[in-house]
Amino acid sequence: MSILEAECLSKHFAGRRGLIGGHRGVVRAVDGVSFAIESGQTLGVVGESGCGKTTTAKLVLGLEQPTAGGIRFEGKDLSTLDAAGRRHYRRSVQAVFQDPYASLNPRMRVGAIIAEPLVTNERLPASQVRARVLELLNLVGLPGRSADLFPHEFSGGQRQRIAIARALSLSPKLIVLDEPVSALDVSIRAQILNLLSDLQAQLGLAYLFIAHDLAAVAHMSHAVLVMYLGRIVEYGETRMLVRAPKHPYTKALFSAALPSRPDERREDVVLAGEVPSPLNPPPGCHFHPRCQLVMPHCKEQDPLLTETEGRQVACHLYAAPPRAGLAAPQAAVDFGPDRP
Amino acid sequence: MGAPLLEIENLSTHYVSAHGTRVIRAVEGVSLSLGARETLGIVGESGSGKSTLALSLVRLLPPSARIASGRLLFEGEDLLRKSEPEMRRLRGKRIAMILQDPMASLNPLFTVGDQVAEPIRVHERAKRGAAWRRALELLKAVRIASPRTRLGQYPHEMSGGMRQRIVGAIGISCEPRLLIADEPTTSLDLTIQAQYLNLLRDLQQAHGLALIFITHNLGIVAKMCDQLAVMYAGRVVEAGPVRQIFNAPAHPYTQALLNSIPRLSDSRRRLTAIDGQPPDLGMLAPGCAFAPRCTRVMERCRSLEPPQATLSDGRKVRCWLSVASAVDGADKVETGAA
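One line per chain: the protein sequences are R and X, in this order.
Counting from 1, position 148 in the first sequence corresponds to residue 1400 in my numbering; the numbering is continuous, with no gaps.
Counting from 1, position 94 in the second sequence corresponds to residue 170 in my numbering; the numbering is continuous, with no gaps.
Treat the hints with care, since some could be wrong.
Now the in silico label distances, taken between C-beta atoms and shown as ranges [to be verified]: (1) R/R1361 / X/G358: 17 to 27 angstroms; (2) R/S1286 / X/S140: 47 to 57 angstroms; (3) R/D1400 / X/P368: 22 to 32 angstroms; (4) X/R372 / R/D1515: 20 to 30 angstroms; (5) X/G236 / R/M1360: 27 to 37 angstroms; (6) X/L360 / R/E1374: 44 to 54 angstroms; (7) R/A1496 / X/A221: 25 to 35 angstroms; (8) R/G1396 / X/L360: 26 to 36 angstroms; (9) X/P368 / R/E1368: 55 to 65 angstroms; (10) X/G284 / R/R1361: 56 to 66 angstroms; (11) R/P1395 / X/L360: 21 to 31 angstroms.
Where chain X lies over chain R, by a calculated footprint (3+ residues, C-beta under 8 angstroms) [as the list claims (entries may be wrong)]: (12) 1255–1267; (13) 1380–1390; (14) 1427–1440; (15) 1556–1562.
Don't read these hints as lab results, they were simulated from the structure.
Since the structure is predicted, the reported quantities are computational estimates derived from the model, not experimental observations.
Every residue, glycine too, gets a C-beta built ideally from N, C-alpha and C.
Assemble the whole structure, with the sequences as input and the hints as a guide.
In structure tokens, the structure reads:
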């Protein structure tokens, strides 16, 4: 069952005005994105800077309001919730951020940091709060005496454990993990990734996992969403997507991932150029200026997400049945049946 | 093969606190060598001493650091015996360095053309016009689109990937023999990182460079390097050809590190985490620095530091397990630092 569904989610920001004060551009940071997070599972989001993954996380956390489209949590549309419903949502969705040196208040004791969500959301006697803090510390593998110490007395990996304990304090159903291990030492990352997997199995948590380390995302996620300039280019079950990516961008992205051994050889697809400015994305398929398989109509028509071989791909290559030796189709082609 | 281009012999670099009360042995007894056109990866976590080692090579250490012992032979000459003016003539000319953050290593007040031309004007006493013509060629070599326009622009007008390529252009401007790249791609996106690594490899082939990659990313080493040195707490714990180390790591730390990394190829495997944390260099216990985290720790690991053992394939390992196998087999053990 899906715990959270996003439908045609969009977030547009007004761009900065030019020097002369003329036309204001619009940055379509997230542009018509639909996905579902299954209860107890992980959805990974990958993409390069400017692809909209952080804005997507903010929309899910309710830190930004969508320009269009919406989010349903446990079947209920967020925009129609009353105050009590919104409170329930905010308790059910928590976050762990990238930098545990910035996300913990250096002037608060660890016990107070972990208890803060409890104190603001629940009326519990101090003894119960204390008991819950100790329980949470135990859950993330820290000794109980940590509660009386300050964040500076901990290493990066331990601080990330504290941040995870805080996220768990209200027994959420979904945790947004925004680059949770990229600020940590290499030998510590596996500890945190394993802890997150264990907690998921133990507590039935769902994760929205955002990272640029493809191998870490593939390791953690049941399904992966690949984004480029605010749009989904490919979305499907992780193993299938990693083994046989379909979209030319996904192929290039996975080929750019570093090998795990020296004798591992991948199909070498090196993209030319850089990600264009989101203020002025290319028309048609946003990826066409860097695509090696670009066709004439890619420059004009937006590709729609289409079900292909068990995953969704937004690419004209998979939209129309290949017709041998023919020029590009003139009009919009049949994109096949919409997904259920 | 002739004499190596660079030979690091028993190098130790220490940081001393203001009153000389605390000594941090950031680099301790490191010996490595690198041939012309070879690529060496130096891998370690933060605090393992890899950046201090890189800075020692060009003698750009902060005032609190001192090189306590060792020799640094570059093209047969000991860099540690050179005067500061001699070093200045060498840096940027024979040995160049690319730093991690292209935002911080470019001057925001000068045009890109001035900055790429600067080493050419300083080292080769070229006139401005001639140096700018060379700079134009260099921007083409690092595949910057419309290089003529870019020469007159400032760093803030360019993307991160472009800035990093400009830093690369400055690095190769005087055709150095050795290029040291300290975490050159950490601030870059994945597809831009792939472009940049391919560019460095092409430049290496075109100019016959030797490359040293300082990184925490074993993937970069797997992609780029011939030789690998793994550092832990200031020591090189394992050094040798990349393939041999990846296929059969000898040191428990190298083994654990390779097992702890998620792989795209078998993504659902449970990771083998390394317990504990990297040690504080100011408070190292006696014995092997990895002992508290090692799964194969023995009694003597906690009291005696392992000497460097040379395995039969030429690999150098600092671990009592390798010492034991070296004694049994044909491998030999070098006793500690001279």
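To see whether the hints hold, each was checked on the structure:
1. Between R/R1361 and X/G358 the beta carbon distance is about 25 angstroms. The supplied range of 17 to 27 angstroms therefore holds.
2. Between R/S1286 and X/S140 the C-beta distance comes to about 56 angstroms, which sits within the given range of 47 to 57 angstroms.
3. Between R/D1400 and X/P368 the beta carbon distance is about 24 angstroms. The supplied range of 22 to 32 angstroms therefore holds.
4. In this structure the supplied range 20 to 30 angstroms holds for X/R372 paired with R/D1515, their Cβ-Cβ distance being about 26 angstroms.
5. Evaluation of the 27 to 37 angstroms hint for X/G236 and R/M1360 yields a pass: the beta carbon distance comes to about 35 angstroms.
6. In this structure the supplied range 44 to 54 angstroms holds for X/L360 paired with R/E1374, their Cβ-Cβ distance being about 45 angstroms.
7. A hinted range of 25 to 35 angstroms for the beta carbons of R/A1496 and X/A221 is consistent with their spacing of about 33 angstroms.
8. Judged by the Cβ atoms, the range 26 to 36 angstroms given for R/G1396 and X/L360 holds: they are separated by roughly 29 angstroms.
9. The beta-carbon spacing between X/P368 and R/E1368, approximately 33 angstroms, falls outside the hinted interval of 55 to 65 angstroms.
10. The hinted window of 56 to 66 angstroms between X/G284 and R/R1361 holds, with their beta carbons roughly 58 angstroms apart.
11. Hint check: R/P1395 to X/L360, Cβ distance near 23 angstroms, so the stated range 21 to 31 angstroms holds.
12. A count of 0 residues in the stretch 1255–1267 of chain R with a Cβ less than 8 angstroms from any Cβ of chain X is obtained; the coverage claim is therefore unmet, three being the minimum.
13. A stretch counts as covered by a chain when three or more of its residues have a beta carbon under 8 angstroms from one of that chain; for the stretch 1380–1390 of chain R and chain X the count is 0, and the coverage is violated.
14. Taking a C-beta to C-beta cut-off of 8 angstroms, the stretch 1427–1440 of chain R contributes 4 residues in contact with chain X, enough for the three needed, and the coverage statement holds.
15. With a threshold of 8 angstroms between beta carbons, the proposed coverage of the stretch 1556–1562 of chain R by chain X is violated, since 0 of its residues qualify and at least three are required.
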